[in-house]
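Please build the complex by placing chains V and X with the ligands on the supplied structure of chain C, with the hints as guidance.
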Amino acid sequence: MLELSKVSKDFDGLRAVSNVSLSVKQGEIVGLIGPNGSGKSTLLNVISGRFPVTAGRITFQEHDITPLSPDRIFHLGLGRGFQDPSLFYQMTVLDNTILPAKAQKGENPLFAPFKRFWRQEEHQLAERAYEILTQIDMGRLFGQLASELSGGQMKLLDIARSQMGNPQMLLLDEPTAGVAPPLAQSIFEHIANLRQNENMTFLIIEHRLDMLFNFVDRVYVMHMGELLAHDTPDEILENAEVREVYFGD
Amino acid sequence: MFERILIDSLIRSMQVGSLYALMALGITLTMSVLKLPNFAHAEFVTVGAYTALIVSRNVSTNPIIILGLSAIVASVVALVSHITVFRPFEKQKSSIYIMLLASFAVGLIIRYVLFLTADTFDLFDQRIQVPLEIWYRTDNFILSNVFFWVVPTSIVLVIALSLLLNATPLGREMRALADNFDLARVIGIPVERVKWLTWLLVGALAGISGALWGIQTSVSPLMGWVVILSVFAAAILGGLSSFPGTILGAYVVAFSENTIMQVLNFQFGLSFSFKPAIPFIIIVIVLLIRPEGFTQFFKSNRSLKR
Amino acid sequence: MNIDYVATTIAVLTFFGIWSLMAISLNIEYGVAGIPNFGKALFVSIGAYTTGVTYTRLLPILAGRDFIHPCGSTLADAIQLRSDIIRTMPVVAFVNFGITLVIAAVISGIIGFAFSYLVLRLKEEWFLALVLLVGGEIVRIFVRGYQPLICANNGISAVSQPFAFMGGRSASIAFLMLVLLIAFIAYVYSERLIRSPYGRLLKAIRENEDIARTLGKDVAKTKAQVMFIGSMIAAISGVLFAVNLGFVNTNDYVVTLTLDVWVMVVLGGLGNPKGALLGAFVIAVLDRLTAIAAIQMNMAGFNLEFNFVRFILFAVILLLMMRYRPQGILPEPNYTTEAHDNLTARTTGD
Ligand SMILES: Nc1ncnc2c1ncn2[C@@H]1O[C@H](COP(=O)(O)OP(=O)(O)O)[C@@H](O)[C@H]1O
Ligand SMILES: [Mg+2]
Numbered sequence: 000m001l002e003l004s005k006v007s008k009d010f011d012g013l014r015a016v017s018n019v020s021l022s023v024k025q026g027e028i029v030g031l032i033g034p035n036g037s038g039k040s041t042l043l044n045v046i047s048g049r050f051p052v053t054a055g056r057i058t059f060q061e062h063d064i065t066p067l068s069p070d071r072i073f074h075l076g077l078g079r080g081f082q083d084p085s086l087f088y089q090m091t092v093l094d095n096t097i098l099p100a101k102a103q104k105g106e107n108p109l110f111a112p113f114k115r116f117w118r119q120e121e122h123q124l125a126e127r128a129y130e131i132l133t134q135i136d137m138g139r140l141f142g143q144l145a146s147e148l149s150g151g152q153m154k155l156l157d158i159a160r161s162q163m164g165n166p167q168m169l170l171l172d173e174p175t176a177g178v179a180p181p182l183a184q185s186i187f188e189h190i191a192n193l194r195q196n197e198n199m200t201f202l203i204i205e206h207r208l209d210m211l212f213n214f215v216d217r218v219y220v221m222h223m224g225e226l227l228a229h230d231t232p233d234e235i236l237e238n239a240e241v242r243e244v245y246f247g248d
Numbered sequence: 000m001f002e003r004i005l006i007d008s009l010i011r012s013m014q015v016g017s018l019y020a021l022m023a024l025g026i027t028l029t030m031s032v033l034k035l036p037n038f039a040h041a042e043f044v045t046v047g048a049y050t051a052l053i054v055s056r057n058v059s060t061n062p063i064i065i066l067g068l069s070a071i072v073a074s075v076v077a078l079v080s081h082i083t084v085f086r087p088f089e090k091q092k093s094s095i096y097i098m099l100l101a102s103f104a105v106g107l108i109i110r111y112v113l114f115l116t117a118d119t120f121d122l123f124d125q126r127i128q129v130p131l132e133i134w135y136r137t138d139n140f141i142l143s144n145v146f147f148w149v150v151p152t153s154i155v156l157v158i159a160l161s162l163l164l165n166a167t168p169l170g171r172e173m174r175a176l177a178d179n180f181d182l183a184r185v186i187g188i189p190v191e192r193v194k195w196l197t198w199l200l201v202g203a204l205a206g207i208s209g210a211l212w213g214i215q216t217s218v219s220p221l222m223g224w225v226v227i228l229s230v231f232a233a234a235i236l237g238g239l240s241s242f243p244g245t246i247l248g249a250y251v252v253a254f255s256e257n258t259i260m261q262v263l264n265f266q267f268g269l270s271f272s273f274k275p276a277i278p279f280i281i282i283v284i285v286l287l288i289r290p291e292g293f294t295q296f297f298k299s300n301r302s303l304k305r
Numbered sequence: 000m001n002i003d004y005v006a007t008t009i010a011v012l013t014f015f016g017i018w019s020l021m022a023i024s025l026n027i028e029y030g031v032a033g034i035p036n037f038g039k040a041l042f043v044s045i046g047a048y049t050t051g052v053t054y055t056r057l058l059p060i061l062a063g064r065d066f067i068h069p070c071g072s073t074l075a076d077a078i079q080l081r082s083d084i085i086r087t088m089p090v091v092a093f094v095n096f097g098i099t100l101v102i103a104a105v106i107s108g109i110i111g112f113a114f115s116y117l118v119l120r121l122k123e124e125w126f127l128a129l130v131l132l133v134g135g136e137i138v139r140i141f142v143r144g145y146q147p148l149i150c151a152n153n154g155i156s157a158v159s160q161p162f163a164f165m166g167g168r169s170a171s172i173a174f175l176m177l178v179l180l181i182a183f184i185a186y187v188y189s190e191r192l193i194r195s196p197y198g199r200l201l202k203a204i205r206e207n208e209d210i211a212r213t214l215g216k217d218v219a220k221t222k223a224q225v226m227f228i229g230s231m232i233a234a235i236s237g238v239l240f241a242v243n244l245g246f247v248n249t250n251d252y253v254v255t256l257t258l259d260v261w262v263m264v265v266l267g268g269l270g271n272p273k274g275a276l277l278g279a280f281v282i283a284v285l286d287r288l289t290a291i292a293a294i295q296m297n298m299a300g301f302n303l304e305f306n307f308v309r310f311i312l313f314a315v316i317l318l319l320m321m322r323y324r325p326q327g328i329l330p331e332p333n334y335t336t337e338a339h340d341n342l343t344a345r346t347t348g349d
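Protein chains in written order, with numbering that gives the first Met the number 0: chain C, 0 to 248; chain V, 0 to 305; chain X, 0 to 349.
Okay, chain C solo, but in the shape it has when bound (with noise of 0.2 Å):
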């Protein structure tokens, strides 16, 4: 489903990703880890288009989206979530929920003023954010501003929000960081409904392994920019080289 082959990205003569070449089937969970500035986020940021390459190509069904913008990329399917939660604070969680959904007939200029265009597109959308919001029990809260919520919940809702656009995959970046553990794990389980009930397929940066690792089929492991390994959750604890590089033995 998603291809990287050679993907290297340099910021000013500083290469923060070398070389990476990596693959996620269609209904997968792949793990992405690594210790603390070793180029996750920023080989995320380069998949969904916020940094543009600068060596190597990534494919998404079949599509080039190496040189496609971030806005193209969300509409061929690929979503993404961010590691500090970057929701729209004056905006409501409603709002939030429904502004990722596609081709909204009231985000025309011409038709927005005259209600009749979008009225019943608009309660559907509504509907269906209320729904997401609820499966992760934040049905509730639809109305209040974003910046109200706590921490765990701007979490939750981040991930919420990139559902709305019906990608067939989601990038996500720390899902749980500075979450406690028990939301934690409800996030985890609820992407693991995500794949089971609508079939989608995820790339996941974590540091919890522990957690990670009774969800993903496969982990990737970052060190310094390049791909230090690759391998099932359990073969990946025993490989030495990873060993090193996170728990220093």
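Treat the hints with care, as some may be off.
Okay, derived cross-link-like pairs now, DSBU-like style, lysine-lysine, Cα gap no bigger than 35 Å in a straight line [stated by the list, open to error]:
#1 X:Lys273 to C:Lys104
#2 X:Lys273 to C:Lys114
#3 V:Lys92 to V:Lys194
#4 C:Lys24 to X:Lys220
#5 V:Lys34 to X:Lys273
#6 X:Lys273 to C:Lys101
#7 X:Lys220 to C:Lys5
#8 X:Lys273 to X:Lys220
#9 C:Lys114 to C:Lys24
#10 V:Lys194 to X:Lys273
#11 C:Lys5 to C:Lys101
#12 V:Lys34 to V:Lys274
#13 X:Lys122 to C:Lys5
#14 X:Lys273 to C:Lys5
#15 X:Lys220 to V:Lys194
#16 C:Lys104 to C:Lys114
#17 X:Lys122 to V:Lys92
#18 X:Lys122 to C:Lys101
#19 V:Lys90 to V:Lys194
#20 X:Lys220 to C:Lys104
#21 X:Lys122 to V:Lys34
#22 V:Lys274 to X:Lys273
#23 V:Lys92 to X:Lys273
#24 C:Lys24 to C:Lys101
#25 X:Lys220 to V:Lys92
#26 C:Lys114 to X:Lys220
#27 V:Lys90 to V:Lys34
#28 V:Lys34 to V:Lys92
#29 C:Lys101 to C:Lys114
#30 X:Lys273 to X:Lys122
#31 X:Lys273 to V:Lys90
#32 X:Lys122 to V:Lys274
#33 X:Lys220 to C:Lys101
#34 C:Lys5 to C:Lys24
#35 X:Lys122 to X:Lys220
Hints were generated in silico from the structure; no laboratory data involved.
Okay, now just chains V and X with the ligands, sitting in the frame of chain C:
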């Protein structure tokens, strides 16, 4: 005939360019150290010119005294603007657009206070009373001592400023601020004090350039505003960060406005009414096509980084 | 001196209507979408210059009269021709006026649209402000320098408003009604826009355009649309401004006009169309009051140009507002589409 016009315009370019350099260095300093696109700089210049006018009439015609007092008054005005307006907005973490608007507002206030003053005391389009000596004259060309005031003074000031920035503790601190504001604070640079001194310096530069500009032409409340966009064009050519780039930019703008305009007029009959468009076109082209300006020519130089 | 209160009120309200349009357009651009349009004078001036051109070129054609060159030796004849047509052929005057509005809006919209794509290349955000500001000055200098357009420095006079045939006070009242109607339509449009999904999109872009982009929004296109809309409204206000004054002159469309509009929007409340109206109203009243005060003081023998005080006053208002009440007199409400109400009704009904 043509040669004469050409020489005349070249000398004018030199003279105007030197003054643009002085003013544009002020813009570059505020932009890189204080992170403010300061349109009120125009009015600091005008304040300098009016100070020079008043001093030359009532106190002394000694150039040193005139320039000195212009520098002092304009730097006080600059510092007061910082304390009363710009610093509170900085504290408030206002966006750059609010800062930009604030600088326009400060400029407007100063400009129209000057208008009121000029109106009351009949000080429109006045000449600064300095002894004018004609050094060389032909039919349509005059070389006076004004040229020898303006150009060397500017050059001396530019050199002094470079020394200040590169060889004094204050200069080091200012460059640190320009480079990385937060880091500068962390490593214990007295940020607020450096800002104050920068404002004083910027105001003094503007004041002196205003006085010299007034000596060269005449003094009116709009004089700073009329040239400010030419000056911004020069600073933008310098990438809003490089000192040598800004100086080169100042001469390029002055040369375009005078010599190139003169040639276009002489050869193609282009009306002088299009002259004010030149700096604007420079601004738009540079910002769109080469926003770094001349900075790359001066990479090795220890210019102010942003 | 006697003040003609009715005439003053009509004048203030007419200016209020025209400035409202400018304030509404800047409010959509900066208040809602976060685009710092420091080129308001440019887009307003496009309306005015278009007026100058249509009144001298199109009007005679529509009236079936011979074209008289508007500048130079035939200036007086050309003025006579315009006044004749407008006074005696109201239908022609109206058609000409309508076409002027359309042409001005379209040209200005396209220029705004083009600018917005041009500025994608800019390295820093505030360069947009500078480019737009400077763009206005470039256009002004060329219009002023290029004689055939609006007679350079002289401008075009006798570009009367279309109700002029009615003469006297009824003409000004009729024109006032037209201005207020146009302003009201623009207000309703912006008010509805903000409460629609499009408004949600604009708010998202204002808050974080990078994130909006990764959530599938074409930010560049949206900003270009906003500039198109805003510039159209500004040009319409420019046409009204010119025919209200009765002449087109480049000196009216300078940076201080742009700043006036910013004062209105900051004063009234960024992001709130009601604020734009309020700001325009306060400024229209203050503007007129200072003008009257200036006249009164001159009559009373004071040798002070009180008009200068206007600029100081507005600048001080701007600074005080930004410092002590940056959200404006009428802060932006928390707009939501009616989906919220529906959900509220449903979830509390459960
Ligand atoms: N926008 C940026 N500009 C410059 N350097 C960056 C940028 N983003 C990340 N980096 C650098 O790239 C490297 C990798 O960072 P990141 O991808 O955030 O690591 P991780 O997510 O694995 O912790 C770091 O050295 C970081 O400083
Ligand atoms: Mg990271």
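These are the hints, each one checked on the structure:
1. As the CA atoms of X:Lys273 and C:Lys104 are separated by approximately 26 Å, the hinted pair is consistent with the 35 Å bound.
2. At roughly 20 Å between alpha-carbon atoms, X:Lys273 and C:Lys114 fall within 35 Å of each other, so this suggested pair holds.
3. Between V:Lys92 and V:Lys194 the alpha-carbon distance is near 16 Å, which keeps this suggested pair within the 35 Å criterion.
4. Proximity of C:Lys24 to X:Lys220 is assessed by CA-CA distance (about 34 Å); at most 35 Å being required, the pair is judged to hold.
5. As the CA atoms of V:Lys34 and X:Lys273 are separated by approximately 34 Å, the hinted pair is consistent with the 35 Å bound.
6. Using a Cα cut-off of 35 Å, the hinted pair X:Lys273 and C:Lys101 holds, with the two alpha carbons roughly 31 Å apart.
7. The straight-line distance between the Cα atoms of X:Lys220 and C:Lys5 is roughly 32 Å, inside the 35 Å bound, and the hint therefore holds.
8. In summary, the hint linking X:Lys273 to X:Lys220 is supported, as the alpha carbons are separated by about 27 Å, within the 35 Å threshold.
9. Annotation: proposed proximity of C:Lys114 to C:Lys24 is violated, straight-line Cα distance about 42 Å (limit 35 Å).
10. Between V:Lys194 and X:Lys273 the CA atoms are separated by roughly 40 Å; this puts the pair beyond 35 Å, and the hint is violated.
11. For the hint linking C:Lys5 to C:Lys101, the alpha-carbon distance of about 31 Å falls within 35 Å, and the restraint holds.
12. In summary, the hint linking V:Lys34 to V:Lys274 is supported, as the alpha carbons are separated by about 30 Å, within the 35 Å threshold.
13. About 29 Å separates the Cα atoms of X:Lys122 and C:Lys5, which keeps this hinted pair within 35 Å; it holds.
14. Between X:Lys273 and C:Lys5, the direct Cα distance comes to roughly 55 Å. Violation of the 35 Å bound is thereby established for this hinted pair.
15. Between X:Lys220 and V:Lys194 the alpha-carbon distance is near 40 Å, which puts this suggested pair outside the 35 Å criterion.
16. Restraint check for C:Lys104 and C:Lys114: satisfied, since their Cα atoms lie roughly 10 Å apart, inside the 35 Å limit.
17. As the CA atoms of X:Lys122 and V:Lys92 are separated by approximately 21 Å, the hinted pair is consistent with the 35 Å bound.
18. The straight-line distance between the Cα atoms of X:Lys122 and C:Lys101 is roughly 30 Å, inside the 35 Å bound, and the hint therefore holds.
19. With a C-alpha separation of about 13 Å, the suggested pairing of V:Lys90 with V:Lys194 holds against the 35 Å cut-off.
20. The straight-line distance between the Cα atoms of X:Lys220 and C:Lys104 is roughly 15 Å, inside the 35 Å bound, and the hint therefore holds.
21. Proposed proximity of X:Lys122 and V:Lys34 is supported: the alpha carbons are some 15 Å apart, at most 35 Å.
22. Distance restraint check for V:Lys274 and X:Lys273: the Cα-Cα separation of roughly 42 Å exceeds the 35 Å cut-off, and the hinted pair is therefore not satisfied.
23. A C-alpha spacing of about 26 Å is found between V:Lys92 and X:Lys273, which places the hinted pair at or below 35 Å, so the restraint holds.
24. Proposed proximity of C:Lys24 and C:Lys101 is supported: the alpha carbons are some 24 Å apart, at most 35 Å.
25. The straight-line distance between the Cα atoms of X:Lys220 and V:Lys92 is roughly 30 Å, inside the 35 Å bound, and the hint therefore holds.
26. For a cut-off of 35 Å, the pair hint linking C:Lys114 to X:Lys220 stands: about 22 Å separates their Cα positions.
27. With a CA separation close to 13 Å, the supplied pair V:Lys90 and V:Lys34 stays within the 35 Å bound.
28. For the suggested pair V:Lys34 and V:Lys92, the alpha carbons sit about 12 Å apart, so the restraint of at most 35 Å is met.
29. For the proposed pair C:Lys101 and C:Lys114, the alpha carbon gap of about 18 Å is at most 35 Å, so the pair holds.
30. The suggested pairing of X:Lys273 with X:Lys122 holds, with an alpha-carbon distance near 34 Å, which does not exceed 35 Å.
31. This hinted pair checks out: X:Lys273 and V:Lys90 have alpha carbons roughly 29 Å apart, not beyond 35 Å.
32. Taken as a hint, the X:Lys122 and V:Lys274 pair is honoured in the structure, with Cα atoms around 27 Å apart against an allowance of 35 Å.
33. For the suggested pair X:Lys220 and C:Lys101, the alpha carbons sit about 15 Å apart, so the restraint of at most 35 Å is met.
34. A hinted pair counts as satisfied when its Cα atoms are at most 35 Å apart, and C:Lys5 with C:Lys24 qualifies at roughly 18 Å.
35. For the suggested pair X:Lys122 and X:Lys220, the alpha carbons sit about 19 Å apart, so the restraint of at most 35 Å is met.
Violated hints for the displayed structure, listed by number in ascending order: 9, 10, 14, 15, 22.
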